[in-house]
Structures are given as C-alpha cells and as structure tokens.
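If you read the sequences in order, they're chains D and R.
Going by the numbering used here, the letters in the first sequence line up with residues 365 to 919, in that order.
Going by the numbering used here, the letters in the second sequence line up with residues 365 to 919, in that order.
Derived by calculation from the structure, the hints in this document are not laboratory data.
Take the hints with a grain of salt, since some may be wrong.
Copies of the same chain look alike in the list, so a pair counts if it fits in one copy or across any two.
As a list, the in silico DSSO-like pairs of lysine-lysine whose alpha-carbon atoms are at most 30 Å apart [unchecked claim]:
(1) Lys366 / Lys881
(2) Lys908 / Lys454
(3) Lys908 / Lys681
(4) Lys553 / Lys681
(5) Lys772 / Lys454
(6) Lys888 / Lys681
(7) Lys427 / Lys366
(8) Lys881 / Lys454
There are 2 protein chains.
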Amino acid sequence: MKTERLIYLPLGGSGEVGMNAYVYGWGREGEERLILVDLGVTFPDMDGTPGVDLILPDITWLKERADRLEAIFLTHGHEDHIGALGHLWKELRVPMHARIFTAALSRRKLEEQGGDSSALNVADVWPAQVEAGPFRVGFLPVSHSIPESSALVIDTPAGRVVHTGDFKLDGSPVVGEAFDPELWRSVAKDGIKALVCDSTNIHNTHPGRSEATVGPNIRELVAGAGGMVVATTFASNVARVKTLAEAGIAAGRSVCLLGRAMQRMVAVSRETGVVDDLPNFITAEEATDVPRESLMLIVTGSQGERRAASAQLSRGKYLGLKMAEGDMFLFSSKTIPGNEAGVIQIMNNFSELGVDVVDDSSGDYHVSGHANRPDLEAMHDLMRPSMLVPMHGEHRMLRRHAEVASAKGIPSVVAVNGTMLSLSGDAPEVIDHVETGRTYLDGSVLVGALDGVVRGRMRMALNGLVVLTVLLDENDAPLGDPWAEIMGLAETGRSGAPLVERIEEQTAAALGRAENKTIVDDDKLDELLRRSVRQVCAEEIGRKPEVIVVVSRLT
Amino acid sequence: MKTERLIYLPLGGSGEVGMNAYVYGWGREGEERLILVDLGVTFPDMDGTPGVDLILPDITWLKERADRLEAIFLTHGHEDHIGALGHLWKELRVPMHARIFTAALSRRKLEEQGGDSSALNVADVWPAQVEAGPFRVGFLPVSHSIPESSALVIDTPAGRVVHTGDFKLDGSPVVGEAFDPELWRSVAKDGIKALVCDSTNIHNTHPGRSEATVGPNIRELVAGAGGMVVATTFASNVARVKTLAEAGIAAGRSVCLLGRAMQRMVAVSRETGVVDDLPNFITAEEATDVPRESLMLIVTGSQGERRAASAQLSRGKYLGLKMAEGDMFLFSSKTIPGNEAGVIQIMNNFSELGVDVVDDSSGDYHVSGHANRPDLEAMHDLMRPSMLVPMHGEHRMLRRHAEVASAKGIPSVVAVNGTMLSLSGDAPEVIDHVETGRTYLDGSVLVGALDGVVRGRMRMALNGLVVLTVLLDENDAPLGDPWAEIMGLAETGRSGAPLVERIEEQTAAALGRAENKTIVDDDKLDELLRRSVRQVCAEEIGRKPEVIVVVSRLT
C-alpha cells in the first residue's frame, strides 16, 4: 500500500509575478485531500494578449479532482490572489475562508459573476484554525501593502507548513497589524516543516522600509505645494491613501477620492473596520467648488491605465476637475515593468499642461510591500524551517531565493507552475509535472491560451488582412472577377494602382490560368488564390498578409 | 520688405526620445535657406504600431521646400539620427555632411535603399567648416556612446548657434575624443547666440560618470567568472565593446562577437580608423572549439530583441554555442523604457538554463551616453549662450531643461516637433506651428501614421474579425444562407453551438425579415448584416468584433 505524503503544487504564481494559485495535499498518492491557497489573475497586454480581458490560471488539474478539494484559503485581497474567484469558483464549489476584509473584497468578485458568496467564511485570526480535511489552517497576520494580509499556518500530519503569502516585515504599517516577530517565533517554536515563501523582491539587497517612512516626506511635499495637489497610488494600499489624505488635511486641503477602485477600497475598509480613523472625503462635485490651492485629489491609475482617473486628468477635464500650470501630480507608487509607456505618456501630458510631476525616482514617496533579500533572510532565521520552497516570483527570483536558502543550509528547490513537490521527506523533492497554463477571459467566454484565438489576432495585427471572394457558376467558371477587401494594409503600393485592384487582376489571371482540377477542388483553389494574393502583396507593398478566401459555388 | 531671420524647426526628436530631425533657416520669411540636422528613426512596438517596420519623421514640410534646402548635417551614427536617410534622402536629394565614421554608417543606410552615396561628404573636424548657403557649419568633437560624435557649430548671419547633438561630458571615453572644455570655451569666446541642447537625461540629478569607470568593474567581474561569459551592450558603443573584450582577454579568454550589428560596427570602426587597438576576435565556428571557461562572447540584443543573439542564446543553441549551468550573462546596458518585458523574458530563460545573469541594477557595469542635469548645467556655464533651446527629449524633459536654463537667467522655451522658433532676437520666440507627424515604413511602402492602416490592424487585434459573405440572385433573393468565417474569436460561446453557425443562422433570419428597400441598397444591407453579426457575437461571446460584409449580387 502506498504511504501517505504531503504535496505542494503551484498552478499559478511560480515562474511569474501574479496569478497566484497553490495546491497542498495530504494522503496516499492519487488520493490526497487537497486545499487551494489563493486564486488570482494576471493582466493582459497588447504585446502578447491583445483584446483579452483577464488572464486566469488553467485549473483543469484541480477541476478533475474537485471531489478531493476541501477548501480555498485566501491570504489577502489583491487581484493576483483573489481576482479569479468570480470566474473559477463555480468550477470548484468548495468553501472559501478569508479574514473579514479579504472576504468582503472576495464577496464582490463572486457576486459580480453571479457566484455563491454564502460559501465564503470569515475566518478568525491565529491562533484560531479552520479544519479542512487533514489540514488545520490558521491566518497569521503579516504586513504587506493591503490591510489584513495573512500568512497561513498549515498544520498537516507531516508537520507544520507556513505559507507566507505576500509580505514585508513592517513594524509600523500605518494601517493594520504590525509584523510581530514574537508571534511568528511562537508559531515556529516546535519546528517548521516547510516555509513556502514570497520571492518577488529577492533581487533587492537593501533592507525594506516601513510604510511609515513615507509619511513625513509626503507631508512635506504637500505642505510646500502651491496649486492643486493630485496623488495616485495603488487603490488597495489603504495605508498609503490614509497617509496621503492626512498630508492633504495637515496642509489645510479638502481631500477627494477619484476613481471607482479607490472609493470601493475605502468603503470596504470602513465597512470591515480595518481602519477607523480615515479622514472625511469630499465628493468630486464638492471639489469643483474648492479653490485649487485648498484641494487635494487622491486618484486611481498609478500604472497609466488609459481609463483611470490619472489618465483622464492628464488629457483634460474629468468630472468637472481640470489640472493646470502650477499644480502638482505625485506618483506615490512604482511602475510595474511593462507599464512604463502608459505612465510616461501621462507624465508628458501633464508636462504639456504645465503640471509638475513628482515620481518616486528619489525613493521618498513610495515603499514596496514585499520583503527584500535581507528581510527574507530574517524570515528564514526566524522560522528556521526544515526546508524552503520559494513561491511567487519569476523563475530568476525563485532560483535566487533557493540559492540564498541553500547557502544557509536550508534544503530548497525551484518549483515553477505545474511542478509537484513532496514535502514529506527532509528536503523538497520533485515528484511530478502537471500540465498547467493560462486561461483567457475574452468577452464573456473563457478560452485556452493555446486555442489560437489570440494567435489569429496577433497575425492580423502584424500582417494585415486580405479577404478575397470568388464566385463560380454551375460549370465552375468564374462569375465575374474576384473581389478583394483589405484591412490594415496600405491602399497603394509600388505600381501606384490601388492594391485591391492589383489583387483582383492578379487573382483573376491566376484563375484564368488554373487547371480544371484545381478549380473544382476547394482546398487547391484556396491555396492557389491565397498564394496569388500573397505574391501580389509582396510585390506591391513588401508584405505577405493574412488571407481569407471565400469561394461561393452556384449549384 | 520683410527682414531676414534665423529660424529653428524640429521635425522630430522634440517631444520624444528618438527620430531626430532639426531644420535651421536664414532669410526673409518664406525664403529662408535651410539646412537639416540629422534624419533619424524611432522603433515600432506591438502596443501602438504592430507590424510596422520603422517609424520615420514626416518631412512633408521640408519636401515642399526642398529647393531651399542646402544640405544635411549628421551629428553621429545612431539610428535615431541617421536611420531614415535610406528611406527619405531620395525625397530631398541634397548634399550630406558627416565625419568619417558617421559617413561610413550613413553610406550603408543609403546603399541598402538604392540611394546615392556620392552625395555624402566626409567632413573634417572643427575648426574646418562646411559652407551651406548662408551657414558655415563645423563639426566639434563631443563625447557620447558612439565614436566620433559631434556637436555642430553653425555660424549664421545672426550669430553662432551650437547644436550639441547627443552628448555627455567624458574626459576619458575609452574610444574617440575626450570632451575638451578648452576647445569648447574657445568656440564660445565671442559669444553664442543659441545653445540647442540635448535634454534626455535632465531628470538625472547625479553628475554623469565616465565610460572609463566601468572598465575595472567589468574586468573584476569577468576575472571572477567560472564558465562561459557572455556580455551584451549596444553594438554602436564601440568603447564598451572594447572594454568588454579587453576584460575577456585579461582573464585569458578568447573573445567572439555575435550578431550582425556588432560585427558591422566593429568592422566600420576599424575601416575608418576610429579605433586602432581593438583585440582580435575569433569566429563563432572557432568559438565552438574553445573550452567554456576560456571563452567570452559579446553579443547583440541588449534590449531583448527576439531575433538578436542574446535572445537566441537564451532559448538554446545559437551558431553551435549553448549556455549552461555556471555560465554568466552580463547586461552592460540599460533597458530602454518599453523593452522591459523582452529583457525580463531573456533573464528568466537564462535562469532556467542555470545561467547567472548580471544586470546593471548595481550601476557598476553601465554608464549613460547622455549628460545629466549637473553636466547640462556645466555646459550652459561653459557656453554662456544668449538663449537655450532644449532639444531631443520628451515634453517633460524639454520643459525641465527650459526651467533649469530660465532659473539661471538664460531665456528658453519649449519647442516640440512642428514649433518654429525665431532665434533672431534676444530670446527664442515661437513664430509658427507646422504640421508634423510620423511616417511608417510598412513592408516596402511608406504610410502616414494617420492613414488608418495601423488603426485597422489594432482593431482586428483588439476585437477579432468576422467575414460574412452573402449571395443574392437576379431578383435580390438570397442564394443559400450567409457564410461566416471568424479569425481571432472563440469558436464557441454561450449557447454551446459553433459561433459561425450562430452567426449564419442569425444573419439568415435578419435577411429573411429585411424589407426589399434594405436588400437592394448596398449600404443598408451592409449595415443590417453588420449589426446582426455584432449582436449575435455580443450575446454569444460578449464581444463586438470587426465585421467585413461581402455581398455578391448576380446580375
């Protein structure tokens, strides 16, 4: 009989930043009872996923084993940890557990997609534990950049696993629980089997800075400002929103929140009581009556999103408010790699308006929510785990984290999405590879990343398109000339004649020359016409476009 | 009678980084004799210009005045200063002037496009001057990140203008002429009417570092490496290539250059004598016989370009060479904003191979080729111009540069592409706005940025495409059902039936319900069918795609 084992399987988040989804299991091989930690999304871009609305983990493996899944545990409320619940929970239909703030955000996700939020349970904080099959799971407070982040203490028959979630070591996080090393030490006092640990900031070799350190800088900046002050940050960073708002109020300004995400996050913070001393905000309508030197806006769009408040303000009037010469715009945020172009565009728009832009190049107005290398090492030292599994990060981050742990004598291994580890022994051991990937939310449907849908779009975007229609009569003779339409191609090329005319002439000629056996065969005719279109386009405009051939045969 | 005036008109490079093209003119309004400084390109991306090969300035204004254009002067050989010559010189057909290294690179550009390189003159260095109508232009050596960069001393009837080109203040540039403040002071001794000055690094408040400072760091890094060492940098940074190669040789390694741009740049450097002490390089074939611990490769692809040597090596074997566990890859370069995703992908590919990646996050292995703010201020102080025109940079850079100059009492103004200044008076004065823009090289044709070609591609990429074909007989009755083809859309939606079938059913039904006056009218019928397609797609897959309707009427 097979022995029981403790397994770990990332379905998302390992080998990438974002889209977190981690499976733990205990039991005999193939009969393990499972829990899932987090179910997040990642965001599409024009480069690789044009037109896609959202990128979700491919949870096929888990769906096929849904009868063995006990529960889903949510570490915190960031999109890359809970964003897929609305779209994927209905495929799993198991209880969910989260602390109150995370639960409130998750409930909205579920309800937006018509899901059942009654399956969502509000968990108490450690030392309370939730039973889930062979697991007992506790929510251990940890500091991060959203209220109420929690590590999970996962007690298993093989020993205690600590899954850190995203975290930093912050003794003064402004909102929420400070990191409490004594509490963590007490969790570790009887030994930690495995520490499964955030890796995103492993390449930063400076000790992390506390959220509280930006307050004085921001207060000084706002106090010295003349015109309107507008600041952006991640909406979910409620501590930062509080710091910004307090800086505005200290400078005698009325403060207004702009952008739905910002307003929702503050509303949920108040509802759930995670913060009880937020200043009062005025509405956008009220803000239009406030003199600019007495006004501060806190807005969404720190990543340059085209429709967010920051971008709209950079392009002109937004909800009756307009920035002007002498105003200041503060990015109290970092730009996530890939978003630079959008952010820079906004900065230049503001420059054209005469608005002074302050970003975080000085390091004064933003701190990261993740543990840097020295902090990660401090965590290793605090937990003294028997093994370390680097979690959440690109491959290079996981690899470096594993190296750092190994150098201290802690057995470690790189396990990217789909790599199943056994944590039963003295060191993490790769025992299986599972097919994983990405699912795209595209309009209202889920499509597989490899279904060819996006590939088709990319090809049209890169190559342009010709649609060629040919009509054949009952005797397979062409009825008139072929008819061409183009999209995304130059209208005129080398010859100076319209490209569609050149295509129509050349394909008509090709049809005229074609043997009967080609004309009667749909595939051969398609191939002939396609080749003819591509050839004339190569000659005329130096490109070989995508071609759709439609042959209508009268019968 | 109108008085004569000195004008300045950027057609590219002002309001952006890249695509430099600056016009100067002297004469009566509308009769000015003109010169053009630089004619560069900028690079397309999937975000905004999918499928485009190259982005060139729109020189319509200049073409219409080509009879008044005396000459083109080229400051240095970077693509964003000479890259458009091959495509646009034939529209202007005037003499070009450049120093020998820049001329050699420019000649290749012209010849690749069948242009006439006999119009290209090799200029001597300052104090030599080239006559061009009312201008006398001298090439004043300045340090940058490519050999032989030159500022232009432009003597005009209104006084002396210095156009810096791209530059830094480097007393030890490794290759080429050190910045010589005494020479520059002598140029300025009788007064500078206007300093037209590089702005790209105005936001960096640290004094710039010399190219020579990276040598010791790179030597130490390479000396300590065990396996194969591969380094990338901008191919045109011949000084850096030399530094890297010498570090390899000092560590007892044979050095091989990979990538066409790298080999071409080194060949041109040798041909033109700008560097005479480059080490010998081995070929890729020879490199396959060298033990990895005795080998160093210097490769193209510092910006993550998919086809460059670095990307190919990160994906596996390239020209018989393959990186492995224990090897090192050095980015002796910075990542240009917008290229992060490609560079990070390569880093992660290398991580998967077990290759250690060293980038410039420490600041030890790369220095910029542009003057930072303190260096720009030093240049202002050295030149003491009567006015300053910030040139080459995004709007926010030009604006900050103008502020810095104004704060020192030097009259300045922001002039983005298309802004014509008079430099005749005591301060730069905006006297006209000219229509400018971008031209796309797309395959073998030039298309205007606003021609809709790229817009069509973007729409297909974002929305997907449906092609609907309808056949009508002599009596305007449908011959069979409409025929749908899709590209870039999910094959099945909400109903579970194939999307094409649902489209065909719904459009057949719409045709059946249509009044005769709609069916006989091409536009109305197109509109009806298009609306029907978009509606069924919205229901089935939650998207409204692009639609091409082809109606064939038998007559």
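Hints and how they fare:
1. In this homomeric assembly, lysine 366 and lysine 881 never come within 30 Å of each other (Cα to Cα): the closest approach is 63 Å inside a single copy and 76 Å across copies.
2. For the homomeric pair lysine 908 and lysine 454, the shortest alpha-carbon distance between copies (26 Å) is at most 30 Å, but the shortest distance inside one copy (44 Å) is not.
3. Taking identical chains as interchangeable, the C-alpha atoms of lysine 908 and lysine 681 lie at most 30 Å apart only when they sit on different chains, with a minimum of 29 Å there against 43 Å within one chain.
4. Taking CA atoms no more than 30 Å apart as the test, lysine 553 paired with lysine 681 passes in neither setting, with 58 Å inside one copy and 49 Å between copies.
5. Taking the shortest Cα distances, lysine 772 and lysine 454 never come within 30 Å of each other, neither inside one copy (43 Å) nor across copies (65 Å).
6. Proximity of lysine 888 to lysine 681 under the C-alpha cut-off of 30 Å is found in neither arrangement, the shortest distances being 57 Å within a copy and 38 Å between copies.
7. Proximity of lysine 427 to lysine 366 under the C-alpha cut-off of 30 Å is restricted to the intra-copy arrangement: shortest distance 24 Å within a copy versus 81 Å between copies.
8. With identical chains, the CA atoms of lysine 881 and lysine 454 are never at most 30 Å apart, being 53 Å at best within one copy and 48 Å at best between copies.
Going through the hint list in order, the structure does not satisfy hints 1, 4, 5, 6, 8.
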